[in-house]
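Participant: The primary structure of each chain is shown beneath.
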Amino acid sequence: MADRAARSGSTTPPAGAGGVASSRPAPKKKHYSLLTRRDTITLWVMAGIPTLLVGVFILLPTLASIVLSFTSWNGIGGLGAIKFIGLKNYSDLINVYQPFFPALEHNLIWLVFFLLIATPLGMFFAVLLDKNIRGTRIYQSALYMPVVLSLAIVGFIWQLIYAPEQGLLNNLLGRTEQGNQISWLGDPSINLWAILVAASWRQVGYVMVLYLAGLKGFDPVLREAASIDGASEVQTFFRVVFPVMRPINIVILVITVIESLRAFDLAFITNKGLNGLELLSTLVTNNIIGETSRIGFGSAIAVVLLVISVGPIIFYLFRSLKEDD
Amino acid sequence: MVGFAAPWRRNGLVTLGTLAIILSACSGSATPTPAPSAAASVAASAAASVAPSAAPSGLGATTAGINETDKQPKAAVQAIVDFCSAQAGITIKANFVDHNTFQNQISSYLQGTPDDIVKWFAGNRLRFFAAQGLLTPIDDVWATIGANYSDAFKVASTGADGHQYFVPNINYPWVVMYRKSLFAAKGYTIPKTIAEFTALGDKMKADGLVPLALGDKDGWPAMGTFDILNMRMNGYQFHVDLMAGKEKWTDPRVKDVFTKWAELLPYFQQGSPGRIWQDAAQAALVPSAAGKFTAGMYFLGTFAAQQVPTADIEDVGFFPFPLFGNKWDTENAIDAPIDGFMLSAKPKNLPAAKAFLECAGTAASQKIYTGISSGDVATVKNADMSGYNSVQKASAEIIAGAGAIAQFLDRDARADFAGPSGMQGFLLSFLNNPSQDLGKFLSGIQAYYDSLPPQ
Numbered sequence: 001m002a003d004r005a006a007r008s009g010s011t012t013p014p015a016g017a018g019g020v021a022s023s024r025p026a027p028k029k030k031h032y033s034l035l036t037r038r039d040t041i042t043l044w045v046m047a048g049i050p051t052l053l054v055g056v057f058i059l060l061p062t063l064a065s066i067v068l069s070f071t072s073w074n075g076i077g078g079l080g081a082i083k084f085i086g087l088k089n090y091s092d093l094i095n096v097y098q099p100f101f102p103a104l105e106h107n108l109i110w111l112v113f114f115l116l117i118a119t120p121l122g123m124f125f126a127v128l129l130d131k132n133i134r135g136t137r138i139y140q141s142a143l144y145m146p147v148v149l150s151l152a153i154v155g156f157i158w159q160l161i162y163a164p165e166q167g168l169l170n171n172l173l174g175r176t177e178q179g180n181q182i183s184w185l186g187d188p189s190i191n192l193w194a195i196l197v198a199a200s201w202r203q204v205g206y207v208m209v210l211y212l213a214g215l216k217g218f219d220p221v222l223r224e225a226a227s228i229d230g231a232s233e234v235q236t237f238f239r240v241v242f243p244v245m246r247p248i249n250i251v252i253l254v255i256t257v258i259e260s261l262r263a264f265d266l267a268f269i270t271n272k273g274l275n276g277l278e279l280l281s282t283l284v285t286n287n288i289i290g291e292t293s294r295i296g297f298g299s300a301i302a303v304v305l306l307v308i309s310v311g312p313i314i315f316y317l318f319r320s321l322k323e324d325d
Numbered sequence: 001m002v003g004f005a006a007p008w009r010r011n012g013l014v015t016l017g018t019l020a021i022i023l024s025a026c027s028g029s030a031t032p033t034p035a036p037s038a039a040a041s042v043a044a045s046a047a048a049s050v051a052p053s054a055a056p057s058g059l060g061a062t063t064a065g066i067n068e069t070d071k072q073p074k075a076a077v078q079a080i081v082d083f084c085s086a087q088a089g090i091t092i093k094a095n096f097v098d099h100n101t102f103q104n105q106i107s108s109y110l111q112g113t114p115d116d117i118v119k120w121f122a123g124n125r126l127r128f129f130a131a132q133g134l135l136t137p138i139d140d141v142w143a144t145i146g147a148n149y150s151d152a153f154k155v156a157s158t159g160a161d162g163h164q165y166f167v168p169n170i171n172y173p174w175v176v177m178y179r180k181s182l183f184a185a186k187g188y189t190i191p192k193t194i195a196e197f198t199a200l201g202d203k204m205k206a207d208g209l210v211p212l213a214l215g216d217k218d219g220w221p222a223m224g225t226f227d228i229l230n231m232r233m234n235g236y237q238f239h240v241d242l243m244a245g246k247e248k249w250t251d252p253r254v255k256d257v258f259t260k261w262a263e264l265l266p267y268f269q270q271g272s273p274g275r276i277w278q279d280a281a282q283a284a285l286v287p288s289a290a291g292k293f294t295a296g297m298y299f300l301g302t303f304a305a306q307q308v309p310t311a312d313i314e315d316v317g318f319f320p321f322p323l324f325g326n327k328w329d330t331e332n333a334i335d336a337p338i339d340g341f342m343l344s345a346k347p348k349n350l351p352a353a354k355a356f357l358e359c360a361g362t363a364a365s366q367k368i369y370t371g372i373s374s375g376d377v378a379t380v381k382n383a384d385m386s387g388y389n390s391v392q393k394a395s396a397e398i399i400a401g402a403g404a405i406a407q408f409l410d411r412d413a414r415a416d417f418a419g420p421s422g423m424q425g426f427l428l429s430f431l432n433n434p435s436q437d438l439g440k441f442l443s444g445i446q447a448y449y450d451s452l453p454p455q
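Those protein sequences? They're chains A and B, same order as listed. When we follow my numbering, the leftmost residue of the first sequence carries the number 1, and every step to the right adds one. When we follow my numbering, the leftmost residue of the second sequence carries the number 1, and every step to the right adds one.
Rather than coming from a laboratory, the hints here were simulated on the basis of the structure. No residue lacks a Cβ here, since even glycine has one placed at the ideal position from N, Cα and C. Worth double-checking, as some hints may not be accurate.
To be verified - A few chain A residues that don't get close to chain B, going by computed Cβ distances all over 12 Å:
#1 GLY77
#2 TYR97
#3 LEU104
#4 LEU149
#5 ILE182
#6 LEU185
#7 PRO188
#8 VAL197
#9 ALA225
#10 LEU283
#11 ILE289
Claimed, not checked - Simulated coverage check for chain B against chain A, where a stretch passes if three residues somewhere in it have a Cβ under 8 Å from a Cβ of chain A:
#12 106 to 113
#13 162 to 170
#14 271 to 279
#15 443 to 451
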């Protein structure tokens with residue numbers, strides 16, 4: 001660390017101070033720095049205010065959730081009404097609360113589905129559209145359009161498609177009669193998959209745009225070199241393009257993981273996250289929002305979600321800080 | 001010195017930046033994490049819309065928070081607000097909020113700066129907030145209007161501490177609805193007993209109809225079916241005790257109800273967990289373009305009749321759920337939830353708010369309400385029924401004919417038990433898999449009930 005500090009310190013002096021430093025005379029005090037007083041204040045304000053905001057609006061509520069997860073509180077009355085009950089919320093979660101394990105499982109399925117299907121599909125579309133095929137802009141707009149819509153709207157659109165009697169899908173399949181109709185959103189053995197298709201409809205466009213942006217910045221010389229060396233299209237992609245695109249790949253990976261963990265809107269808009277669509281986020285909401293809330297119990301579920309989320313976050317930070325080196 | 005100072009600062013920034021990344025990354029996944037302040041700010045913003053009314057006359061100005069934005073009930077509430085303002089010489093500013101939003105925010109709303117008068121539900125859902133000290137007792141109002149109500153309504157308006165907190169406005173029964181023209185065309189007759197009911201169901205199936213429509217996507221409609229089967233098989237008092245936690249869900253009597261329900265499920269519309277109640281109502285009460293019905297009957301609150309075009313409303317008939325031929329036949333209990341008004345804990349103008357409640361508990365104001373809201377009936381016993389349509393007349397008859405009136409599963413039980421994490425989820429699980437091990441199913445319900453904090 002010291003080595004690195006000394007090295008970077010010696011290479012940067014005037015640049016780090018910015019243009020302002022040179023326009024002012026050097027301070028007379030023996031203790032001086034390359035940053036003027038104004039720079040220092042600016043830096044502290046610029047770093048301090050966001051830090052303060054993050055502390056107040058994110059760190060404190062997060063810590064509060066962790067503390068609340070050991071309590072029983074219905075949200076009514078002052079802080080004095082909060083009762084500490086130790087690990088009861090966590091033991092209830094595991095032993096009594098039936099939606100908990102299905103929710104964990106569904107979050108995991110969501111993640112795997114996104115990782116294996118939605119995200120690769122988005123990348124595939126990006127590679128196709130990068131070929132400047134005819135009408136590429138139309139395809140781009142069509143694929144990107146769902147991303148512009150809020151997930152609440154996406155949920156509504158797909159409800160119209162999946163509705164048992166009036167829905168598009170059952171009418172196309174000719175299965176609208178009592179007895180043979182498919183309850184896409186009501187049958188707990190298929191509704192998660194139905195929702196995943198809707199969520200992927202959006203995720204594919206999102207990944208496609210990100211990846212397409214990366215491909216546009218890809219150095220064509222590398223591709224030419226690969227083809228001169230006799231590499232096929234597929235080989236070029238997997239041996240040259242994909243490795244070079246590593247920074248983008250990591251961004252996409254992180255986005256995929258975060259989108260999967262925070263999956264909420266579609267399940268909640270469909271049926272409040274009941275009946276086969278349980279997700280950790282909907283369980284939190286169902287316990288905390290509403291007429292009588294179980295804030296401690298909901299917080300315990302939120303803490304589980306937090307613990308799961310910390311993994312990918314650490315991975316991401318580790319990678320991105322390493323990139324900086 | 002230079003070489004030290006600059007990197008130190010840079011490292012400091014890196015640390016801060018790292019912290020910011022960690023935390024903002026956290027925020028992505030921890031969005032649903034509760035911040036107690038978030039709930040409070042919702043309440044604050046809801047309350048912020050309440051501007052103090054000017055120009056007090058007589059008793060002065062007060063405000064009312066109303067959980068209705070649908071056309072009919074909203075107009076009906078506004079009409080009695082206007083009527084009572086004129087009667088009592090007060091000024092009332094009514095704030096209308098979407099029904100479900102209001103319900104989700106009620107707890108923080110009542111703790112923030114609520115309106116003086118609040119529209120709400122009778123029964124346990126009232127008692128909970130009364131016990132939390134979020135409501136004002138109105139025994140003196142009941143001293144004035146008490147004679148207008150039967151005992152059942154007074155009980156439904158009374159908190160656990162024996163004080164009254166609520167003035168009933170209207171109620172509506174849960175009944176089996178059908179189209180009179182369909183029954184006439186097919187020669188169906190109204191079933192009085194469960195045997196006649198299943199026989200009619202078989203006949204309807206043969207005619208290509210689903211006997212009973214059902215849509216339980218919202219989680220609560222199936223509660224009505226459970227309630228009525230439970231009361232038909234075990235009586236009103238068992239329902240009340242079960243909801244209050246005095247009886248156990250593992251009781252064999254509860255198991256009998258689910259066994260019977262599983263037996264009857266072939267008569268219900270398939271795929272109910274994915275269907276909203278409005279679609280189920282359409283299936284039974286509104287013919288397709290070709291004039292065909294999907295289902296023959298529908299069991300729900302009479303508000304389902306709102307789905308029927310006004311021109312056809314006189315063709316909608318209904319009857320109480322059939323009897324089971326046991327000792328509870330004479331009791332003939334039904335669900336008929338009561339809506340009405342209560343007072344928040346610290347009304348800004350108590351005399352004016354009480355003057356409104358006294359006016360709301362009279363036949364005159366309820367006649368105005370039921371004149372506009374076509375599916376509801378008045379709760380006062382001296383109600384003027386001259387303006388009732390056929391739906392309201394039949395509703396009033398059914399309520400009068402019931403020996404005991406329950407509120408509803410989610411109004412008689414505690415809300416955290418009845419909600420999506422509790423009975424809504426359990427009943428959906430039953431509908432999806434009625435042949436599951438009922439013993440395990442019911443002990444799961446009881447374990448969930450027992451895990452809830454004492455209230």
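Participant: Which hint numbers does the structure go against, in order from smallest to largest?
Facilitator: Of the numbered hints given earlier, those the structure breaks are 1, 2, 5, 6, 7, 10, 11 and 13, listed in rising order.
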